[in-house]
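Chemist: Those protein sequence lines, which keep their order, are chains A and B. First residue of the first sequence? That's 1 in our numbering, and the numbers climb one at a time after it. First residue of the second sequence? That's 111 in our numbering, and the numbers climb one at a time after it.
Careful, some of the hints might be misleading.
So, partial list: chain A residues that the calculated Cβ filter (under 7 Å) puts toward chain B [said to hold, decoys possible]:
1. Cys12
2. Ala17
3. Ser41
4. Gln42
5. Tyr46
6. His49
7. Gly50
8. Tyr96
9. Lys97
These are calculated hints, taken from the structure and not from any lab test. Just so you know, these numbers come straight off a predicted model, no measurement behind them. Ideal placement from N, C-alpha and C gives every residue a C-beta, glycine not left out.
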Amino acid sequence: DAKTTQPTSMDCAEGRAANLPCNHSTISGNEYVYWYRQIHSQGPQYIIHGLKNNETNEMASLIITEDRKSSTLILPHATLRDTAVYYCIVSPIDDYKLSFGAGTTVTVRA
Amino acid sequence: EPEVTQTPSHQVTQMGQEVILRCVPISNHLYFYWYRQILGQKVEFLVSFYNNEISEKSEIFDDQFSVERPDGSNFTLKIRSTKLEDSAMYFCASRRGLAGTDTQYFGPGTRLTVL
């Protein structure tokens, strides 16, 4: 029942920007886009979230298309420690659980 | 930076035994969650808890599971009679307030192994 579609895997070069796409064509007006990542078997780590405006924090930028049907997470300068599974999740304001899909396995190569 | 903590990091138990997994959420957070992840599979929602009661639970969270906030700091998950298929990583998460304006922060997890 995942509401998002992400590539299964992607590689990127250390020091370069990593652009992770996510499709959420059925997103509703009250749903936010959340990004988490999971390094090996550690607990999911929050990265960023947004509703319709682009967002930036110390970890990443989130670009949401105007129609809100897709988004891109940008890691500006990928490092080896950014190797992880990245999850794009849409969640309504009044729904308290997060529904994880399979995510994108990102491998940063030196 | 405040973080969610979980103990133990690894729990090994015999099938049929009771286990209690413990979590200390971030101190000013009001919403608490348990998730699990069977090896090689997705992270799955188990239960959410707010104002001393369950807000929502998944189909996985059957009568063998219970949650409790016994004091002002701990949040526990009890499995009454463990099965082999309960072997998984169990993650606790907490959130401060209204969904959309903040988000869930996860602990490092407890690896439960049922023999």
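Chemist: Hints first: check each against the structure and report whether it holds.
Modeler: Checked hints:
no.	hint	verdict
1	Cys12	violated (23 Å)
2	Ala17	violated (24 Å)
3	Ser41	holds (6 Å)
4	Gln42	holds (6 Å)
5	Tyr46	holds (5 Å)
6	His49	holds (6 Å)
7	Gly50	violated (10 Å)
8	Tyr96	holds (5 Å)
9	Lys97	holds (4 Å)
Violation of the numbered hints given earlier is confined to hints 1, 2 and 7; the remaining hints are satisfied by the structure.
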